[in-house]
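There are 2 protein chains.
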Amino acid sequence: MQAPSEQNYIQQLSIDCVIFGYQEKQLKVLVPKMNFRGDFWALPAGFIYQDENIDQAARRILEGRTGIKDIYLEQFRVFGDAQRTNLQVLERLVQLNQEKLRDHWFNQKEFDWITRRFVSIGYYALVDINKVVPQKSEMDASIEWCPIKELPPMIMDHNEMVANALETLRLNLDQKLIAFNLLPQTFTMKELQELYEAIFDKPFARNNFQKKMLELNVLERLEKKFTGAANKAPYLYRFQPQG
Amino acid sequence: MQAPSEQNYIQQLSIDCVIFGYQEKQLKVLVPKMNFRGDFWALPAGFIYQDENIDQAARRILEGRTGIKDIYLEQFRVFGDAQRTNLQVLERLVQLNQEKLRDHWFNQKEFDWITRRFVSIGYYALVDINKVVPQKSEMDASIEWCPIKELPPMIMDHNEMVANALETLRLNLDQKLIAFNLLPQTFTMKELQELYEAIFDKPFARNNFQKKMLELNVLERLEKKFTGAANKAPYLYRFQPQG
Chain A
1 MQAPSEQNYI QQLSIDCVIF GYQEKQLKVL VPKMNFRGDF WALPAGFIYQ DENIDQAARR
61 ILEGRTGIKD IYLEQFRVFG DAQRTNLQVL ERLVQLNQEK LRDHWFNQKE FDWITRRFVS
121 IGYYALVDIN KVVPQKSEMD ASIEWCPIKE LPPMIMDHNE MVANALETLR LNLDQKLIAF
181 NLLPQTFTMK ELQELYEAIF DKPFARNNFQ KKMLELNVLE RLEKKFTGAA NKAPYLYRFQ
241 PQG
Chain B
1 MQAPSEQNYI QQLSIDCVIF GYQEKQLKVL VPKMNFRGDF WALPAGFIYQ DENIDQAARR
61 ILEGRTGIKD IYLEQFRVFG DAQRTNLQVL ERLVQLNQEK LRDHWFNQKE FDWITRRFVS
121 IGYYALVDIN KVVPQKSEMD ASIEWCPIKE LPPMIMDHNE MVANALETLR LNLDQKLIAF
181 NLLPQTFTMK ELQELYEAIF DKPFARNNFQ KKMLELNVLE RLEKKFTGAA NKAPYLYRFQ
241 PQG
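Just so you know, the sequences run in chain order A and B.
With the UniProt record's numbering, the residue at position 123 of the first sequence is 123, and numbering never jumps.
With the UniProt record's numbering, the residue at position 222 of the second sequence is 222, and numbering never jumps.
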């Protein structure tokens, strides 16, 4: 993290990112663990430079943690409780890690800056998990893809943020045709259905699902997938919006 | 408008409100016109007190302009271009209204505060237009319900904000069952259909529409509407979510 300062960044405004990936039939979220004593899990986050659009800021933060540039991202909500502040987290962090913090982080002015009330813009991102090489920031001990059902307790309202991002993802999924951002370029109908089942956490009927997806008119059917058993091989599809 | 100051408000963060009403088969937006020389139309807006949740701030701003407290409101997007500032608007306003501004508004410090880059949280609100008595602020010459198809050119990105709010309203309309906030407590199926047609700006087939609405399982059928012609009178309905 760069030392925050009034001159560089908009004050009291931050961005938090819920980065969704899909793997082993599970929806996952990219979660860094901070490199301090005590278990501090926090969503990838950052601030907005004075000369930077908010979407650019979100892309910069996302690229920093995923190593990729072209990411589907969308605002989902602003979190703006009057009591929303890092103060308790930072105080506990200082308490547990005095020496480390004294050596590396936060002079008093920076501590004051970062413990004020913050309004945070929540973005969610959808990535092809195979393309991402998760990047630790200098404050992280590790960064992991965590199944959404097994998320650790994170700092502040970050668990609520994930729940909210998931809710928005579900609402948007059909209307905005965005699920494909979570898949490799080609996939079978079964794989697509498993993705939807992971996101909605419920089973879909195979025939209905296939019918609905084909009616969207955005799937291009390719050759059959090579499985060794040619006559039962499923078709591969590719997302190809019309017009 | 109260004189803005660093101590009271979060800096560089504002709220803009798109207040939707429905009247004479038209979707309308509540638009104040500022009391200065030159045609300055602007969405109802305000800032966020340091000790105030952002939703509370939006409710305060909405109540100030509509006179009512219980309003359906929802964030729809944050507008955060790096170049987003009141500077051009304020400069033109000063140029055209020197005397008036000198007498009443903005010392230099306030001018500097309000012409910095602002990130703005867009909220849209749905109201029963019959319950609203539009309130001018001290900076307004008038405040009017304007059909969404006849909006004047507003300052900054406010026309884009309305377009965006409308898009979100359309996306949310079925899934969140919110259209009823625009209607009086009871309405006929035809009136409900006309509302949907106004929002989506296209006709719906009567039978399909009625079937779809009844399947939502949120309409309670009441007595027939008194029209004088008893045998052709339509039923009245009331929004009544189950469970």
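No lab work stands behind these hints, which were simulated from the structure alone.
Fair warning: there could be bad hints in the mix.
Sample of chain A residues lacking proximity to chain B, with all beta carbon distances greater than 10 Å (derived) [what the hints assert, rightly or not]:
| hint | residue |
| --- | --- |
| 1 | D39 |
| 2 | Q98 |
| 3 | R102 |
| 4 | F111 |
| 5 | I114 |
| 6 | R117 |
| 7 | Q135 |
| 8 | S137 |
| 9 | C146 |
| 10 | A163 |
| 11 | N181 |
| 12 | K190 |
| 13 | F200 |
Heads up, simulated DSSO-like pairs for lysine-lysine below, C-alpha to C-alpha not over 27 Å straight-line [claimed, not checked]:
| hint | chain 1 | residue 1 | chain 2 | residue 2 |
| --- | --- | --- | --- | --- |
| 14 | B | K212 | A | K176 |
| 15 | A | K212 | B | K176 |
| 16 | A | K224 | A | K136 |
| 17 | B | K211 | A | K176 |
| 18 | B | K25 | B | K69 |
| 19 | B | K100 | B | K33 |
| 20 | B | K225 | A | K176 |
| 21 | B | K225 | B | K211 |
Stretches of chain B that chain A covers, calculated by requiring three or more beta carbons in the stretch to come under 8 Å of a beta carbon on chain A [to be verified]:
| hint | stretch |
| --- | --- |
| 22 | 8-16 |
| 23 | 116-124 |
| 24 | 141-148 |
Note that the coordinates shown come from a computational prediction; the quantities given were computed from them, not determined experimentally.
C-beta: ideal position from N, C-alpha, C; glycine also.
Taking the hints in turn, this is what the structure says about them:
no., hint, in the structure
1, D39, "holds, 29 Å"
2, Q98, "holds, 30 Å"
3, R102, "holds, 30 Å"
4, F111, "holds, 18 Å"
5, I114, "holds, 15 Å"
6, R117, "violated, 7 Å"
7, Q135, "holds, 24 Å"
8, S137, "holds, 23 Å"
9, C146, "holds, 27 Å"
10, A163, "holds, 16 Å"
11, N181, "holds, 18 Å"
12, K190, "holds, 27 Å"
13, F200, "holds, 13 Å"
14, B:K212 - A:K176, "holds, 21 Å"
15, A:K212 - B:K176, "holds, 21 Å"
16, A:K224 - A:K136, "violated, 39 Å"
17, B:K211 - A:K176, "holds, 25 Å"
18, B:K25 - B:K69, "holds, 25 Å"
19, B:K100 - B:K33, "holds, 16 Å"
20, B:K225 - A:K176, "violated, 40 Å"
21, B:K225 - B:K211, "holds, 20 Å"
22, 8-16, "holds (count 4)"
23, 116-124, "holds (count 3)"
24, 141-148, "violated (count 0)"
The structure fails to meet hints 6, 16, 20, 24 from the earlier list, while all remaining hints are met.
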